[in-house]
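Asks: Sequence:
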Amino acid sequence: MFAHKTWGVDRPRNKPIAKMPLSNTISKLDIGLATATEVQDGEQPEKQITTTLETVPVTTERVPYLPPTALKLVDAGTARANIAASQEAPYGTTEDDWAEKHQDQSVMQQHCAYFDQDGDGVIWPIDTYNACRKWGWNVLLAALATFIINFNLSYPTSPSWIPDPFFRIWIRNVHKDKHGSDSMSYDNEGRFRPQNFEDIFSKYDRGDKGGLDVSDLLRMHKGQRMVFDLFGWSATFLEWLAVYLLLWPDDGILRKEDVRRVFDGTLRCKHSARRIIR
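All residue numbers for the sequence shown refer to our numbering, where the first residue is 315 and numbers rise by one.
For the record, the hints were derived by calculation from the structure and aren't laboratory data.
Please note that a few of the clues may not be correct.
Quick list of in silico lysine to aspartate or glutamate cross-link-like pairs, DMTMM-like style, CA-CA up to 25 angstroms [said to hold, decoys possible]:
#1 K536 x D522
#2 K448 x D434
#3 K386 x D418
#4 K415 x D430
#5 K523 x D543
#6 K386 x D410
#7 K536 x D410
#8 K448 x D565
#9 K536 x E571
#10 K523 x D572
#11 K490 x D543
#12 K386 x E571
Each pair of labels, with its calculated beta carbon distance range [claimed, not checked]:
#13 I476 x V453: 36 to 42 angstroms
#14 T364 x F461: 44 to 50 angstroms
#15 S529 x D418: 35 to 41 angstroms
#16 P473 x P404: 31 to 37 angstroms
#17 G450 x S472: 47 to 53 angstroms
#18 P563 x R486: 32 to 38 angstroms
#19 F461 x A384: 43 to 49 angstroms
#20 G435 x A384: 37 to 43 angstroms
#21 E553 x Y469: 16 to 22 angstroms
#22 R486 x D410: 22 to 28 angstroms
#23 T408 x E368: 39 to 45 angstroms
#24 P473 x I440: 15 to 21 angstroms
#25 G435 x D565: 35 to 41 angstroms
Glycine included, every Cβ here is placed at the ideal spot set by N, Cα and C.
Based on the sequences and whatever the hints tell you, model everything.
Replies: Written as structure tokens, this is what we have:
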């Protein structure tokens, strides 16, 4: 699974890591110790990875993502620059050749590209407003979203120290809008972290529904909060509220694949196209 180095020399990866759970039935509620054995010339000893502690209850309440034996998603801990990879979609979004067409954009840039209606790399307030209206949001909601997004996210992306009077957002610098208290699925450079994305559902999807309902989202918001991060708390709440309003699931559950496609921006485009067709 990983290439190892011995005294500066790369050792090729010939065989995958075979995970050996402590019990025959793997449950993310009762796994406290994940055992992994690397079968490679018999050189590597077993790896004991402790993920939960009874003495620290929060570690049993929020169990991190443990890769299954049949790996589809390789090196989940390594951030992807231009694809939003998951266990179910290890190559990102391949529909309509999205990943190939956007291979020169970071995942965070892809996430924001929908708002850049004219493709000039700059998101004006009117771009944000029109994009929200294409989802079917009414005038008031679209205007409120435009104010919140452009007012708060413009300055960090500005190429100048002087605030932009038009509150434009420059997509090339959008990684500077990364804030705390979120899912941590984006890193500080705008790449996508599969491990952190998988952790959202491993930790907060109670009942293994394959998605998050309102109670899961509230629990996630509480669990991801960082101390004194008022901006991050607010931004995260509003972002997930916007996702819920965009998807508005009939059963109240935000499906994992839909959420992944929000991260790379493809679901926004899809919903906009559906709205136009209707």
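Asks: Tell me the numbers of any earlier hints that the structure contravenes, in ascending order.
Replies: 5, 7, 13, 17
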